[in-house]
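Here the protein sequences come in this chain order: A and B.
Each residue of the first sequence is one higher than the one before, starting from 220 at the first, in our numbering.
Each residue of the second sequence is one higher than the one before, starting from 220 at the first, in our numbering.
Think of the hints as simulated: they come from the structure by calculation, not from any bench.
Any given hint might turn out to be false.
Identical copies go unnamed one by one, so any copy, or any two together, can satisfy a pair.
[As the list claims (entries may be wrong)] Below 20 angstroms or equal to it, Euclidean Cα-Cα: the simulated DMTMM-like pairs (lysine to aspartate or glutamate) are:
hint: 1; residue 1: Lys-363; residue 2: Asp-497
hint: 2; residue 1: Lys-551; residue 2: Asp-437
hint: 3; residue 1: Lys-363; residue 2: Asp-471
hint: 4; residue 1: Lys-222; residue 2: Glu-241
hint: 5; residue 1: Lys-359; residue 2: Asp-320
hint: 6; residue 1: Lys-389; residue 2: Asp-519
hint: 7; residue 1: Lys-430; residue 2: Glu-525
hint: 8; residue 1: Lys-294; residue 2: Asp-497
hint: 9; residue 1: Lys-483; residue 2: Glu-427
hint: 10; residue 1: Lys-359; residue 2: Asp-497
These numbers were taken from a predicted model, which means no experiment stands behind them.
Protein chains: 2
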Amino acid sequence: MKKFNIAKSRRLRSTPYSSRIESQGVTAYTIYNHMLLPAAFGSLEDLYHHLKEHVQIWDVAAERQVEISGPDSYKLVQLMTCRDLSKSKIGRCYYCPIIDDNGGMINDPVILKLKEDKWWISIADSDVILFAKGLAIGNKLNVKITEPNVNILAVQGPKSFKLMEKIFGKKITEMKFFGFDYFEFAGDKHLIARSGWSKQGGYEIYVEHTKSGLQLYDKLFDEGKEFNVKPGCPNLIERIESGLLSYGNDIDNEDNPYECGLDKYVNVNSDINFLGKDKLIQYNKNGIKKKLMGVKIESDSISITETIEIYDNNENHIGELRSGVYSPHFNKVIGIAMLKKPNWDTGTKIKININGKSVNGTVCDLPFI
Amino acid sequence: MKKFNIAKSRRLRSTPYSSRIESQGVTAYTIYNHMLLPAAFGSLEDLYHHLKEHVQIWDVAAERQVEISGPDSYKLVQLMTCRDLSKSKIGRCYYCPIIDDNGGMINDPVILKLKEDKWWISIADSDVILFAKGLAIGNKLNVKITEPNVNILAVQGPKSFKLMEKIFGKKITEMKFFGFDYFEFAGDKHLIARSGWSKQGGYEIYVEHTKSGLQLYDKLFDEGKEFNVKPGCPNLIERIESGLLSYGNDIDNEDNPYECGLDKYVNVNSDINFLGKDKLIQYNKNGIKKKLMGVKIESDSISITETIEIYDNNENHIGELRSGVYSPHFNKVIGIAMLKKPNWDTGTKIKININGKSVNGTVCDLPFI
Numbered sequence: 220m221k222k223f224n225i226a227k228s229r230r231l232r233s234t235p236y237s238s239r240i241e242s243q244g245v246t247a248y249t250i251y252n253h254m255l256l257p258a259a260f261g262s263l264e265d266l267y268h269h270l271k272e273h274v275q276i277w278d279v280a281a282e283r284q285v286e287i288s289g290p291d292s293y294k295l296v297q298l299m300t301c302r303d304l305s306k307s308k309i310g311r312c313y314y315c316p317i318i319d320d321n322g323g324m325i326n327d328p329v330i331l332k333l334k335e336d337k338w339w340i341s342i343a344d345s346d347v348i349l350f351a352k353g354l355a356i357g358n359k360l361n362v363k364i365t366e367p368n369v370n371i372l373a374v375q376g377p378k379s380f381k382l383m384e385k386i387f388g389k390k391i392t393e394m395k396f397f398g399f400d401y402f403e404f405a406g407d408k409h410l411i412a413r414s415g416w417s418k419q420g421g422y423e424i425y426v427e428h429t430k431s432g433l434q435l436y437d438k439l440f441d442e443g444k445e446f447n448v449k450p451g452c453p454n455l456i457e458r459i460e461s462g463l464l465s466y467g468n469d470i471d472n473e474d475n476p477y478e479c480g481l482d483k484y485v486n487v488n489s490d491i492n493f494l495g496k497d498k499l500i501q502y503n504k505n506g507i508k509k510k511l512m513g514v515k516i517e518s519d520s521i522s523i524t525e526t527i528e529i530y531d532n533n534e535n536h537i538g539e540l541r542s543g544v545y546s547p548h549f550n551k552v553i554g555i556a557m558l559k560k561p562n563w564d565t566g567t568k569i570k571i572n573i574n575g576k577s578v579n580g581t582v583c584d585l586p587f588i
Numbered sequence: 220m221k222k223f224n225i226a227k228s229r230r231l232r233s234t235p236y237s238s239r240i241e242s243q244g245v246t247a248y249t250i251y252n253h254m255l256l257p258a259a260f261g262s263l264e265d266l267y268h269h270l271k272e273h274v275q276i277w278d279v280a281a282e283r284q285v286e287i288s289g290p291d292s293y294k295l296v297q298l299m300t301c302r303d304l305s306k307s308k309i310g311r312c313y314y315c316p317i318i319d320d321n322g323g324m325i326n327d328p329v330i331l332k333l334k335e336d337k338w339w340i341s342i343a344d345s346d347v348i349l350f351a352k353g354l355a356i357g358n359k360l361n362v363k364i365t366e367p368n369v370n371i372l373a374v375q376g377p378k379s380f381k382l383m384e385k386i387f388g389k390k391i392t393e394m395k396f397f398g399f400d401y402f403e404f405a406g407d408k409h410l411i412a413r414s415g416w417s418k419q420g421g422y423e424i425y426v427e428h429t430k431s432g433l434q435l436y437d438k439l440f441d442e443g444k445e446f447n448v449k450p451g452c453p454n455l456i457e458r459i460e461s462g463l464l465s466y467g468n469d470i471d472n473e474d475n476p477y478e479c480g481l482d483k484y485v486n487v488n489s490d491i492n493f494l495g496k497d498k499l500i501q502y503n504k505n506g507i508k509k510k511l512m513g514v515k516i517e518s519d520s521i522s523i524t525e526t527i528e529i530y531d532n533n534e535n536h537i538g539e540l541r542s543g544v545y546s547p548h549f550n551k552v553i554g555i556a557m558l559k560k561p562n563w564d565t566g567t568k569i570k571i572n573i574n575g576k577s578v579n580g581t582v583c584d585l586p587f588i
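Starting from the given sequences, assemble the full structure and let the hints guide the process.
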């Protein structure tokens, strides 16, 4: 597997934490929302084991916010997602498929309701702000749409609760999953949500005040020593085992939410008005032709840089592998694949080609663990 | 200057040429429109000198196309740009600022008119397709918006004309700058434009037929031997010397076209209807408060990974440096800077900090050469 440098420039935006993570040993980056997102600090497996046992601090500033405020803000946010937000509450996070008029996925953000007329769409990797602006202009909606200077720090892992309690007090451990509230640090109020892109538990700190945010960054490492804190980043092994989907990897604009297994976030039977509703009603009625599933593959390594085609035992093309990694837990490769009907049943035998060698695999449910 | 690997995945899309350029020695990538764009093949300076003398083949598939077709396609394309396209001709390319309702830059593509009702917007690095979809949905325009499977190969450098003539015949040398036409190769018609992101002359081949496109890729290297052909990529030195602007580096959504020196592409006095027209009329009337200019800096190296602040001799903040590189031609650093009024006059003295050392510079016009 050849390695290539990333050519940095202003266009690939740095984060307030970049200089810190670079002195802490980041070794690889990916680009996400035109911004640097750390992708490795040495061994992926070491950090995987560490994440499941201790606590990590992640620079996930690349999870940008699209702020939508103003009298028509609910109308616009609801227009963009098939999830019913009519009963949504201030102080809660909502995982929402964002879809276009064909029902195709455009993003799968977490949406935070800050006020009745102020929302943050915490986006995956696509320019949702441009979609929102286009829709608002075209529909003459009275909204303000901006990308605020918010740079998220994630605190992830089972010991994140103890670490955050040490800094912010008992109250932070009482917050429910996908709730958020404001906590003071160094004279500023910081929005903190109980969320994060791992299934090991933790928090995301939406840092609006960069100066105190950087003090908080350092404080987390100081106070975290007793919990064996380390710098980290979203971990490919952990996120696939947990079945966390990645827009652009597992999902793209050619997929609808049903095909992605997001049925519970599609409210076609509600009264709400959203883009692509007619199309989704049709998909719901007529069924889908492909489906995102887990696969287990008899191999001890894989490196996915683009789609890998999937075949059945008779060399028929039956789908494509979109993400994959060696899992120490299963002692084989696990992955996320889009499989064509009727090949998505659990237990279906598959074949893929890894480095010129045909290997066997089996379809399974998501998540793996 | 620390180096970091790029963490590849399906989300950072490969191009049809990726395996070829990797065997040809690409050493660094950037990400552009969620796709791999080669950024270095070893020495930047060596390739700069080579580009100015010989011919290079560039994998610029990351210049994606947004295809807009249908009865309202002209209406939508015109709505997005302040350049008057009412008299545009089939077979021509148009450099067009795309702006939002505030007059802020969203992209600066080249737009190709393929038919009266079919356009390709050949985009810089932002998801223009989402802006176009939002506008089309909101305005109920009868258009089809897609990202076609087009992967551009650029043939750049003074010997590109001889090389292309050898393959496609005399006709291709008769094409005017920013014209395009169709040329046959290996049984397929390929759209070829006389354009490219250098000022050394050349062509861009809009490859829609991947199989014959790959044959053409190999043919260009075979036939190019006598012209000293090499694989290359947009060259930072050459593009800054030539004053070619880069969206995300030199320009962003906080800038309007006048501030970027794109006055000749802003047709506020025409009858056409475009977004942000009211705002641009105001800017035109009241003048601007900042302006993109060249700067020459007394240093023999620079590495810009984010904005570098610019001061005057009295430590007043007067602007920001957005791109920069050491130029062998000028034997100093040259760069592109956004300067606040009234500090943008040619000859204005500036100071910036490079690696902890204060260095002097001077404002100058763009392009440098």
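Quick rundown of the hints versus the structure:
1. Lys-363 with Asp-497: between (28 angstroms within a copy, 18 angstroms between copies)
2. Lys-551 with Asp-437: Close neither inside one copy (38 angstroms) nor across copies (38 angstroms); limit 20 angstroms.
3. Lys-363 with Asp-471: So Lys-363 and Asp-471 pass the 20 angstroms test across copies only (18 angstroms; inside, 27 angstroms).
4. Lys-222 with Glu-241: both (18 angstroms within a copy, 10 angstroms between copies)
5. Lys-359 with Asp-320: Both: 18 angstroms inside a copy, 11 angstroms across copies.
6. Lys-389 with Asp-519: neither (43 angstroms within a copy, 55 angstroms between copies)
7. Lys-430 with Glu-525: between (39 angstroms within a copy, 18 angstroms between copies)
8. Lys-294 with Asp-497: within (18 angstroms within a copy, 26 angstroms between copies)
9. Lys-483 with Glu-427: Neither way: Lys-483 and Glu-427 sit 32 angstroms apart in one copy and 39 angstroms across, limit 20 angstroms.
10. Lys-359 with Asp-497: between (22 angstroms within a copy, 16 angstroms between copies)
In this structure, the hints that do not hold are numbers 2, 6, 9, in rising order.
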